[in-house]
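Construct all of the structure, not just a fragment, from the sequences and the given hints.
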Amino acid sequence: MFELARLAGIARSSDPFVFSLVKHMNCVYICFFQMPKKEESEKSVTKKKTKEEIEAARTLKRKLKEEEEQQRWWEEEKYEAGIKWKFLEHKGPYFPPEYNPLPENLNFYYNGEKLKLGLRAEEVALYFAQMLDHEYTTREVFRNNFFKDWRKEMTLEERMLITDLEKCDFGEYHNFHKQKVEERKNRTKEEKQVLKEANQKITDEYGFCMLDHHRERIGNFKIEPPGLFRGRGDHPKQGLLKKRIRPEDVIINCSKESHVPEPPAGHQWKEVRHDNTVTWLASWTDNVQGATKYVMLNANSKLKGEKDWEKYEVARQLKSRVDGIRAQYKDDLKSKQMGTRQRAVALYFIDKLALRAGNEKEEGETADTVGCCSLRVEHIMLHDSLDGEKCVVEFDFLGKDCIRYYNKVPVTKRVFKNLKLFMENKQPGDDLFDRLNTGMLNKHLSSLMPGLTAKVFRTYNASITLQQQLKELSNALLNQAEKLLSYNRANRAVAILCNHQRAPPKSFEQSMANLQAKIEGRKEQLTLAKAELKKAKKEAKGNSDTKLQFVVEKKKKAMQRCEEQLLKMEVQATDREENKEIALSTSKLNYLDPRISVAWCKNMEVQLDKIYNKTQRDKFAWAIHMTEKDFEF
Numbered sequence: 001m002f003e004l005a006r007l008a009g010i011a012r013s014s015d016p017f018v019f020s021l022v023k024h025m026n027c028v029y030i031c032f033f034q035m036p037k038k039e040e041s042e043k044s045v046t047k048k049k050t051k052e053e054i055e056a057a058r059t060l061k062r063k064l065k066e067e068e069e070q071q072r073w074w075e076e077e078k079y080e081a082g083i084k085w086k087f088l089e090h091k092g093p094y095f096p097p098e099y100n101p102l103p104e105n106l107n108f109y110y111n112g113e114k115l116k117l118g119l120r121a122e123e124v125a126l127y128f129a130q131m132l133d134h135e136y137t138t139r140e141v142f143r144n145n146f147f148k149d150w151r152k153e154m155t156l157e158e159r160m161l162i163t164d165l166e167k168c169d170f171g172e173y174h175n176f177h178k179q180k181v182e183e184r185k186n187r188t189k190e191e192k193q194v195l196k197e198a199n200q201k202i203t204d205e206y207g208f209c210m211l212d213h214h215r216e217r218i219g220n221f222k223i224e225p226p227g228l229f230r231g232r233g234d235h236p237k238q239g240l241l242k243k244r245i246r247p248e249d250v251i252i253n254c255s256k257e258s259h260v261p262e263p264p265a266g267h268q269w270k271e272v273r274h275d276n277t278v279t280w281l282a283s284w285t286d287n288v289q290g291a292t293k294y295v296m297l298n299a300n301s302k303l304k305g306e307k308d309w310e311k312y313e314v315a316r317q318l319k320s321r322v323d324g325i326r327a328q329y330k331d332d333l334k335s336k337q338m339g340t341r342q343r344a345v346a347l348y349f350i351d352k353l354a355l356r357a358g359n360e361k362e363e364g365e366t367a368d369t370v371g372c373c374s375l376r377v378e379h380i381m382l383h384d385s386l387d388g389e390k391c392v393v394e395f396d397f398l399g400k401d402c403i404r405y406y407n408k409v410p411v412t413k414r415v416f417k418n419l420k421l422f423m424e425n426k427q428p429g430d431d432l433f434d435r436l437n438t439g440m441l442n443k444h445l446s447s448l449m450p451g452l453t454a455k456v457f458r459t460y461n462a463s464i465t466l467q468q469q470l471k472e473l474s475n476a477l478l479n480q481a482e483k484l485l486s487y488n489r490a491n492r493a494v495a496i497l498c499n500h501q502r503a504p505p506k507s508f509e510q511s512m513a514n515l516q517a518k519i520e521g522r523k524e525q526l527t528l529a530k531a532e533l534k535k536a537k538k539e540a541k542g543n544s545d546t547k548l549q550f551v552v553e554k555k556k557k558a559m560q561r562c563e564e565q566l567l568k569m570e571v572q573a574t575d576r577e578e579n580k581e582i583a584l585s586t587s588k589l590n591y592l593d594p595r596i597s598v599a600w601c602k603n604m605e606v607q608l609d610k611i612y613n614k615t616q617r618d619k620f621a622w623a624i625h626m627t628e629k630d631f632e633f
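First residue of the sequence shown: 1, per this note's numbering; consecutive thereafter.
It cannot be assumed that every hint is accurate.
Claimed, not checked - Using C-beta positions, here's what the derived DEER-type ranges look like:
1) K201 with S511: 55 to 61 Å
2) E224 with E113: 53 to 59 Å
3) A583 with Q317: 23 to 29 Å
4) K91 with K352: 44 to 50 Å
The hints are simulated quantities; they were obtained by calculation from the structure and are not laboratory data. No experiment lies behind these values; they were computed from the predicted model shown. We put the CB at the ideal spot given by N, CA and C, even for glycine.
Written as structure tokens, this is what we have:
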């Protein structure tokens with residue numbers, strides 16, 4: 001027995017053997033069994049996560065947390081009129097870093113001679129040098145404005161020496177800038193990760209606020225760095241210096257109970273306010289145009305969402321009153337008061353053509369852009385007859401953002417006669433509506449309906465046009481690609497109405513050529529698939545072999561897939577071509593009630609992400625959650 005126990009002990013310690021005691025015919029046998037080895041794949045391997053994987057996991061966790069915290073404000077009780085919030089706390093805006101002087105070995109040359117500039121003059125000179133590859137620096141207005149503002153930053157000695165921009169050589173500054181651009185492009189993966197983490201740290205600290213004890217993302221929390229003003233089109237102020245914004249220029253807005261944000265060391269805020277009737281967190285004045293700039297909440301915030309919802313609700317209210325308003329301005333076309341007639345014609349244009357009202361501006365302060373109320377005689381031509389139409393008005397002017405508005409529109413006889421009357425004894429540069437301005441027009445509109453402005457008319461006409469176009473163009477029997485094409489065509493009709501144009505993308509021709517090549521390749525595949533199906537059918541005809549029938553079905557499905565892919569590509573090509581000069585997103589984000597699109601998606605069984613991207617879905621979360629299939633604008 002002792003020997004038996006000893007052997008059993010050996011067996012227990014032997015890995016991977018096991019033993020068994022078996023009694024047979026009064027004898028005891030020790031049986032050893034070898035266990036099968038574990039496969040390598042079964043071994044528990046703990047793989048160490050990379051830095052990128054850890055960061056990706058953190059980002060995902062942060063995004064999920066933000067989504068969980070999204071405030072469903074549309075389900076909460078509204079505040080009394082005018083009150084926007086009851087608690088607001090934030091860290092203030094993030095200021096750009098101070099200017100970092102250029103290396104000592106870099107030189108500026110004036111009239112061929114080296115000249116060491118002071119820090120202020122050097123900084124502004126670098127702004128100009130950074131733009132030497134741009135067409136802006138060849139424009140006379142830009143160069144003159146820059147030189148005038150640059151000289152203000154120079155010392156007296158520098159101003160005495162530097163008197164002619166043509167004699168200035170910014171070459172070394174420009175080359176240094178290009179070198180830095182290349183270095184940024186060629187950053188290693190590790191360098192990019194370090195920069196990404198640093199930026200995320202800034203966003204985590206300055207990019208969020210507490211609004212009514214909900215964490216909300218801030219939209220533009222970074223103050224724009226100094227530089228040279230560009231403007232749109234031939235802006236008369238292009239080239240002027242946009243000065244560095246200091247804390248002493250900034251007004252902070254927060255609640256009394258909150259912690260007032262700390263200004264950067266050695267500085268103080270211009271003012272701290274506690275105004276809960278406004279939605280901005282900080283403000284300052286732009287030195288170039290004198291406009292007030294604001295730090296506002298992100299587009300998907302409660303305040304932005306409420307503002308959007310209110311805007312579209314006012315536009316919906318106009319639907320029930322628009323017939324009465326139209327009847328009134330038609331009567332006003334016959335008024336004995338010239339001012340009333342001018343107002344009626346302006347309203348006709350705003351209603352029928354979705355023109356912007358236009359604001360009064362100081363001459364020479366901004367680009368020569370106009371709206372309806374600021375039209376001049378030179379901006380329209382009257383045609384008794386044109387292209388088979390009678391009483392045609394030809395518009396040609398620069399609208400918002402220097403986008404040209406050109407249109408030939410037939411109008412009623414009464415409107416046409418009034419326009420002739422308004423233009424009598426006037427020069428091309430005279431105002432068409434000399435007895436009307438935007439303030440007078442909006443005051444009249446608000447008397448017709450609370451909250452009614454020219455912009456509400458534009459929003460109403462844009463949204464009602466989309467709804468009508470979708471009803472006309474949509475068909476539930478179409479495939480997904482065709483449904484999306486019909487949606488984009490409806491959106492396009494609105495963009496044309498609102499004059500939302502864009503220049504064709506630089507890569508348009510190449511991308512269209514690539515798409516066309518894919519279409520041709522797919523056509524060849526379809527021809528081949530049809531031939532293979534025909535051959536398979538021929539072989540299976542009169543044959544009871546199930547394998548041959550299976551081959552026929554397989555070839556048939558392959559051909560159908562090819563047809564669907566070809567149709568999708570052709571629809572995509574049509575869509576791109578139709579919209580190459582049309583900006584669909586402007587009207588989609590600013591003038592079209594999102595509930596129309598959400599209801600359409602539900603009725604047409606189209607996924608919402610085909611219409612709105614993630615950012616846009618966040619912006620219109622309120623519409624997505626509250627809209628049913630039967631919504632009508």
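Structure-based check of each hint:
no.	hint	result
1	K201 with S511: 55 to 61 Å	37 Å, violated
2	E224 with E113: 53 to 59 Å	35 Å, violated
3	A583 with Q317: 23 to 29 Å	28 Å, holds
4	K91 with K352: 44 to 50 Å	48 Å, holds
Violated hints for the displayed structure, listed by number in ascending order: 1, 2.
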